[in-house]
Amino acid sequence: MIEDIVDLELPVAERLVIRRNRLQNPSQSSAIKSEGIKRPPRIAVVTGVHGDELEGQYVCALIAQKIQAEFGRLRGIVDIYPAVNPLGIDAIERSIPYLELDMNRYFAGEQERNDSYIAHLTDLVTESLVGADLVIDIHASNIYLREIPQIRMDRNTAERLLPLARMMNVDFIWIHEAITVLKSTLAHTLNARNTPTLVVEMGVGMRITPVFCHDLVQGIFRVMTHLGIWDDPEPPPVKTPIECNEGEVSYINSPAAGLFLPDVEHWIGVEQGELLGRIVQPLTGEVVSEIRSPGAGTVFTLREYPVVMEGSLLARVFTAAPERTP
Amino acid sequence: MKTELLYRLASMSREDYQIQGYRFGSGIPRVAIVAGMRGSEAQGLYVAAKLVQYLKENEQAIASGSEILVIPSVNPYSLNTVRRLWPLDHTDINRMFPGYAQGETTQRIAAAVMAAVQDYELGVNLTSTPHPGKHVVHARIHRLGTDSVQTAEAFGLPFVHEHEANPQETGSLNYNWQIWNTRAVSLAGGRGFEIDEDQVLELFHGVLRFLVVHGVLPNSAVPGEAGSSQSRPSRVVQDKDICVVPTPRAGIFSTRCRPGDLVQAGEVLAEILDPHLGEVRSEICSPIAGTAFYVYRAPLVYEKMIAFMIV
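Those sequence lines, one after another, are chains A and B.
For the first sequence, position 316 (counting from the first letter as 1) is numbered 316 according to the numbering used here, and the numbering increases by one without interruption.
Every position in the second sequence, counted from 1, becomes a number in the numbering used here once 326 is added.
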């Protein structure tokens, strides 16, 4: 059932509508009720808060296709929100078009606000998600960086979220310290309201990486099985993710301006001092800098957009795992 | 006047990015004035340029042992491409403070600005708000320092807005200045990408008055009313005192109300018109009597945007 979560008037002959698709098998739901369970378990897959992130679009489509093809297995509720920032997706713009503000910095957190338009959007989206057994907020990095499929969480939420994150068939879980600016994200807002929310980062902005999407969908169905939403007596195995804490990540920022040309593949083991890439000046052809790994580890973030300035992030290397990963 | 290159960065295709500072007087770092942090902040740039011109001509009047630093444009790259945010990655320098010298480009810029201005006793940031409308000129402070209201009142502007910082604003220069014990005030007004000559003069005179009140310039250095060390009373408003009037409909936004206008309770402030049929979709009335602190100013408006702020 397609439902309108937000429906606002736009100036000229159009409305701004944020939709979700609620997938629910009525016969299974009544069966659950007869077992004495008050409400069916619910999972929500949310994406498109940033208009330049498309990986989640494909994930939504794959989930909807699989559920429709095997509808009899559905026991709970699956809510799919592919486009929380529909105008941004249309305009290929990360932020909210016109206002140029990052929607994922305008969720309520624990604070009251008076930014009426964005607050209206974010509050209605939030209210429609509160109470779900799990929310998965899928991000696709940005146009600058390519990320391996990973789940990021604040240390304060790790105890509750880690067991769920481990089922998600991602390669990497990054547990970081609490960051003040992230208090106004969708995930922080929902976790603070007792609605467990996982943030997935994978791929790169404005593109789709099918293999990442298929892997994540497998993980989402695995966690749905765990939550009693999907009936699968023999769920396929999931990957055991690397778990990474703050302090085990080396950030490599560009020391120069130019074109970044990587010499390594993404998600590959590297040795200390190994050449990760070069910065080239196109006017002269001069290699202005050679970028080397500060330690042995695994490149889990790699620069995708070639133009860099001093400071641009080129790579993140997880430096705690001694062995080379696949 | 001493001109100083405070920071420089190379670009692949453009000329080097440079932050220039202008120093006046010598001795204790008393006042730092920072402008042009976003590409939309040309009004602040203009005010800062007028201050540089004034201080250059009147440098001998600066109280002995006092030093003033003016940075008219932190962000020439965005000003020159008429973009609010940093062109390459669309980040906001004024959300990157205190900065990180080994971090991302705009974190490095923020760190360089912070290093240049953090020892000053008083800090002024000529800034803007992200709203697509026009504000009255006002001094904005965060509720951190105990004497910040008094510091802000020295500008003699009609309003001091005591604003509680939201999570993103903990990355602003103003907020971090205060953490480092600089008494910091943001001056805002107007609308992004626009210049209002009257507001430019109001802000220029406000900063001169501020310098006089804090003993950095003598009364005699500033001609006319701006030189009065008697502070003009400002009305102090907190977030809860601002009555936000949202748009009930979307359409063509038609108003004659201007920021600073006195309005009556129930007065019709704007009409929202159907963009095809011309009919009035909605009238927006002021819920209270007061002053228009902010007026939406763009041809078209969405539903539930802020049409007015009345104080």
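By construction, these hints were calculated from the structure, which means they are not laboratory data.
Every residue, glycine too, gets a C-beta built ideally from N, C-alpha and C.
One or more hints might be untrue.
Distance ranges between label pairs, derived from CB positions [claimed, not checked]: (1) B:GLN428 - A:GLU159: 45 to 55 Å; (2) B:ALA591 - A:PRO26: 50 to 60 Å; (3) A:ILE92 - B:GLY604: 25 to 35 Å; (4) A:ALA320 - B:GLN428: 12 to 22 Å; (5) B:GLN428 - A:GLY273: 39 to 49 Å.
Anything over 12 Å on all C-beta distances counts as not near chain B; from chain A, calculated [to be verified]: (6) ASP7; (7) ALA61; (8) ARG73; (9) ARG94; (10) LEU99; (11) ASN142; (12) PRO163; (13) ILE179; (14) LYS183; (15) SER184; (16) HIS188; (17) ARG222; (18) ARG292; (19) ALA296; (20) THR319.
Against the structure, the hints:
no.: 1; hint: B:GLN428 - A:GLU159: 45 to 55 Å; verdict: violated, 32 Å
no.: 2; hint: B:ALA591 - A:PRO26: 50 to 60 Å; verdict: holds, 52 Å
no.: 3; hint: A:ILE92 - B:GLY604: 25 to 35 Å; verdict: holds, 33 Å
no.: 4; hint: A:ALA320 - B:GLN428: 12 to 22 Å; verdict: holds, 20 Å
no.: 5; hint: B:GLN428 - A:GLY273: 39 to 49 Å; verdict: violated, 19 Å
no.: 6; hint: ASP7; verdict: violated, 10 Å
no.: 7; hint: ALA61; verdict: holds, 28 Å
no.: 8; hint: ARG73; verdict: holds, 40 Å
no.: 9; hint: ARG94; verdict: violated, 7 Å
no.: 10; hint: LEU99; verdict: violated, 7 Å
no.: 11; hint: ASN142; verdict: violated, 8 Å
no.: 12; hint: PRO163; verdict: holds, 28 Å
no.: 13; hint: ILE179; verdict: violated, 9 Å
no.: 14; hint: LYS183; verdict: violated, 4 Å
no.: 15; hint: SER184; verdict: violated, 5 Å
no.: 16; hint: HIS188; verdict: violated, 9 Å
no.: 17; hint: ARG222; verdict: holds, 34 Å
no.: 18; hint: ARG292; verdict: holds, 16 Å
no.: 19; hint: ALA296; verdict: holds, 21 Å
no.: 20; hint: THR319; verdict: holds, 16 Å
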